[in-house]
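Each chain, written out:
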Amino acid sequence: MALFIVALGTFLTFSTADFLTVENLFDVLLNYTFLGIMSAGMLVVLISGGIDISFTAIATVAQYAMALHITERGGNLLLAFLIAGAVGIFLGSINGFLIDRLKVPAIIVTIATLNLFHGVLITVTKGRWIYGFPEWFRTAPSLMTISTKSGANLSLSLPIILLIVVYALTSFFLKRTTLGRQIYAMGGNPDAAQRIGVDIRKMKVFVYGLMGLLSGIASVIQAQLVQTVAPNAIVGRELDVVAAVVLGGASLAGGTGTVLGTALGVSLIAIMGNGLTLLGVSSYWHQVFLGAVILISVGVTSYSQRKGHQLRQVQVDVEE
Amino acid sequence: MFRAFGKRILHSNFEVRTLFLLVVVLLIVFGAILPGKFLTARNFQSMAFQLPELGLLAIAMAVVMLTGGINLSIIATANACGIVIATIMTLTVSRDASIAASIGPFVLSVVAGLAVSVLIGVVNGLFIAYVGVSPILATLGTMTIVEGMSVLVTRGRVISGFPELLLTLGNSSILGVPVSFLIFAVVAWIVTIILERTPFGQSVYLMGSNVVATEFSGVNVRRVTVLLYGLSGLLCGISSLIMISRFNSARVGYGASYLLITILACVLGGLNPDGGFGRIVGLVLGLGVLQMMSSGLNLLGFSAHLTEALWGVIILLVLLVRRAKVDWFPGVSRNRKRETT
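Residue numbers (the numbering used here), protein chains in the order written: chain A, 231 to 550; chain B, 920 to 1260.
It should be emphasised that the hints constitute simulated quantities derived from the structure, not laboratory data. Among these hints, one or two may not hold up.
Stated by the list, open to error - Below are the EDC-like pairs computed for lysine to aspartate or glutamate, each with C-alpha atoms no more than 16 Å apart in a straight line:
#1 A:333 / B:1246
#2 A:333 / A:429
#3 A:333 / B:1193
#4 A:333 / A:421
#5 A:432 / A:330
#6 A:432 / A:421
As the list claims (entries may be wrong) - Rough simulated footprint, nothing fancy, chain A against chain B, three-plus residues with beta-carbon under 8 Å:
#7 1042 to 1053
#8 1151 to 1163
Positions of the beta carbon are idealized from the N, C-alpha and C atoms, including for glycine.
Chain B with its partners taken away, still in its complex shape (with noise of 0.2 Å):
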């Protein structure tokens, strides 16, 4: 899998292996300057226990801004979902009920909630390719209307008090790997497979490229646009079972935060906002520099807000990169779509 992985970057485009540089980068960087506590596993672990949640918020961005596309109501559909699973499972089972006396509700739980988070995204879907509205403005209107039902149902009121079972999925380790990076892990890469190796992800690239002569080449476009929207609102759905987990609650306004950092993300690892290009694996890349950015910082005793700036800065340094390279060798660039404009 790792050669593998290897080989995919190595052949893979300028904004990946930029990013793979950058990651090296800052490995030998705070490696450097905090010896014997960066390069450790104990950060690693807690690193890839930290990443999972806005790892799979961005692949829910991600995936919606390959069709040129945007997702406002990501952490909307997250918490919605949240909401659901935690009211459920604080409705049927105690707070200490035993692992197999919990089985039976959680798997109810998390079935109703990611469909909840599936029919979000399904709504956005529907209003996009039927109804004609931008995904921008869709998804504001699901996003505002899916956080006031939430604030409705909840009062804004914390929801807490889980089983074991439902805590082990964000908080446990297999062989020092945490279970929610396992869970990232296999949702991304089953994401890229749907993406490059299926016929639907075929069409969602063309759909980023071109949506009349997408439609023209027979492929229904509306109808990929609502699965689309509805595979984004799961992933949105995954997330939550990693946040609530992690948090041992669930409430309205987990991750508020996480919303314009999914987009910067998925810029970052080389998504082109108008659609068509971009890869999973690049996204990976890209979170994998913010989150060392972000416990590197933390290491080095600065505060969490220095590092929010430091990410604004390290994409427009990004952007204005790839832009000098568009200046200098015009003629080499894959995206070649935005140049002619």
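Excised from the complex, chain A in its bound form (with noise of 0.2 Å):
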């Protein structure tokens, strides 16, 4: 995967001038920020043995809902983040407390909340869009900003450091917190976790409640980078952001899945999107090559592993 990337990384600069500038990568990291951290969420879901469909919603309703304050009230970029964030975990704790209560897949029930959200949402505010948001939100405030000598801006702005931060506390809490190996462990074998004396329900709101708090982070970065708050922007593109995690190793089955793997799953698809852009290929081809990596990638991926389950097999057999 990695190797694939550096390949791809290094293909697309020899054969493109504008790909390995410190400006087209900003660009595109600034660009994927809002797909980056939702992989994160769902990464840590995937890794629970679950998924979530309606974090979508979940993310619109709580960009709307600070739209709605910071325009009318005013504030500031803290309290706008709390209030998307807190909406985000509301959110998706009812969704992990259904999940446990109903004892259905995940998939059926955030299928059914999405719709829920959505549904009331659009009827709640007439599909109405926000714009106009006062002068701190539009400016996004960063640590330093380095003039380049084409006389463009760079920033490590807000997006990235959080993008970043995102990544570096998820990787830990994953890694090194009982809480992290709790979930892997509930993912891996929840009937095994649960005798051990993980409480199945509190992981599972827990899990789904940080889905949607970064559901709720990345849609205030979002409404940042565009500037307009449209309930039906975001809807959609759930499976977009599973393709990534997925891309990074993450398995459905749950318990595994690494953030580095997701890294790598989300910058696959902004390198292959934007070298296919600067290589003048049209832009209807892109989702064939996403289809194809997709395909060949998971193809690969469960080739290998049932071939590796039929080797161990045999050696077992020859043992015996």
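Please dock the two separately framed chains into a single complex, following the hints provided.
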């Protein structure tokens, strides 16, 4: 995977002049912060053995609540994140609770809540767009700004910092904390996890709440980037995020997946899209390439797993 | 036929009986709040016009769900099929060609379109059965690639201008019953026969319960999987026929919102998403519930999005009732598989 990305990157560096420039890489990074942050949440959900389809609706509701508040009452960036995050956690926890209570596959429950959240939002707001944000929301704060020779301003802006922080924290959380290890355990074998004392209900509420929180954070960043909030801008992109995380090696069966893999999966999609554009390939081709990459990647993974499984069986037979 | 249908419901499982009850309740409630509007032939006819597209797609989803699979590529498949039919049709016949003159090209384009949809289904099946990819990922991949190719071929444009013959499929009715609804009913009936009366159908149910056991009992699991996903593709193709006829055009992205709704319709219809349990008759009742809610709320003047929200609510409620039944009467459940986990 990493090799493939390096190969793709090298190829693009030599075949186009613009790929390996700081401006381009920063642009790509900025454009994919939204997908990236959502993917971190999706990774945790997939590791726990579930899936969340409703997070796009959660992000939209969180975004709308946040936008309504800051356009009408004002506030500051911290407050925006707090509102969106709180809405996200609340709606996400509802998912977690329902999934645990109904004992129905997460995909079913979250499709139902996707319809519920999104339907209610559009009914209440009548599909109205929000724009005209206050001044402080239009300029994202950034840590440092470097001007390149060509005159472009590069800045380590808030979205990029947040993306890095989210990935670092998720990685630390999954690898180094008891809770994180318990999530792997729950995804690998729920029964065994329960017997060693993992509170499955609390864990589910936590995992889906975290997904909601990250959706909320990502939604603020998205609103800040495009400066409008439309109730139907994000819904419909659920499967993109799932695809990115799965490309990064997480299994839908639960129990496996790493933050590094997810970061690579997101980068692959980002670099591929950017590279095709720079190579002058018509944008009509992008989706065909993406589909091919998904099929090849999951195909190779499953095929090698199957072969590995058969080999192990043969070895056992020999030993007997 | 009606007696047989009634008998089937009475002798069916808990899921189907509750759904039947729900249908009756909805009929009474909407009939009471909308006197002279809901319980009319016209309303029922309009519901029968709206149901088949989603209905056929839901059956396409249902057949693979019986094995514990899922098919995310149904909408992409239907649109690809519609685009193939529309392209051939618009290239070979003019819009105002007589019915006799358009029969040849019509048959040709429909065969080509259905062949494409079956092919997409078979590719899904091959990936799942022979490469070992999980259904959700394999069909996510084909969905992306098929959709991409459709965009590439059409450049995102709408293809329109069909001859009369194709338009009759989705827009005319025989004795007051829409042709599309008749197609839906016949297809639902045939699929029921295939699933419940043939060895192939028995293998499908068996595989949903226990793949390994099915394989050891001599069923060629891989072949059944490929055939089943092919069937799912074919059903998408039939649905696309009705869809392009009703829209009088074909385009990428028609019916995109149906994808997740079909999954909900299946679950509402009593299908177990892990496979092994559920019947088409339940699914048809589930679709009836969704359609009645949508028509009734529309007549009451509510927005389509409120309907969307209430669909979510009704499904959660139905799941809650099923769960409560399992909790209170653990011994009676037929779906014992879930409770052991």
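Going down the list of hints, with the structure as the test:
1. A:333 / B:1246: holds, 11 Å
2. A:333 / A:429: Measuring from Cα to Cα gives roughly 15 Å; hence the hint holds.
3. A:333 / B:1193: holds, 12 Å
4. A:333 / A:421: Holds, at about 14 Å.
5. A:432 / A:330: holds, 9 Å
6. A:432 / A:421: This hinted pair holds, its Cα atoms lying about 15 Å apart.
7. 1042 to 1053: holds (count 5)
8. 1151 to 1163: violated (count 0)
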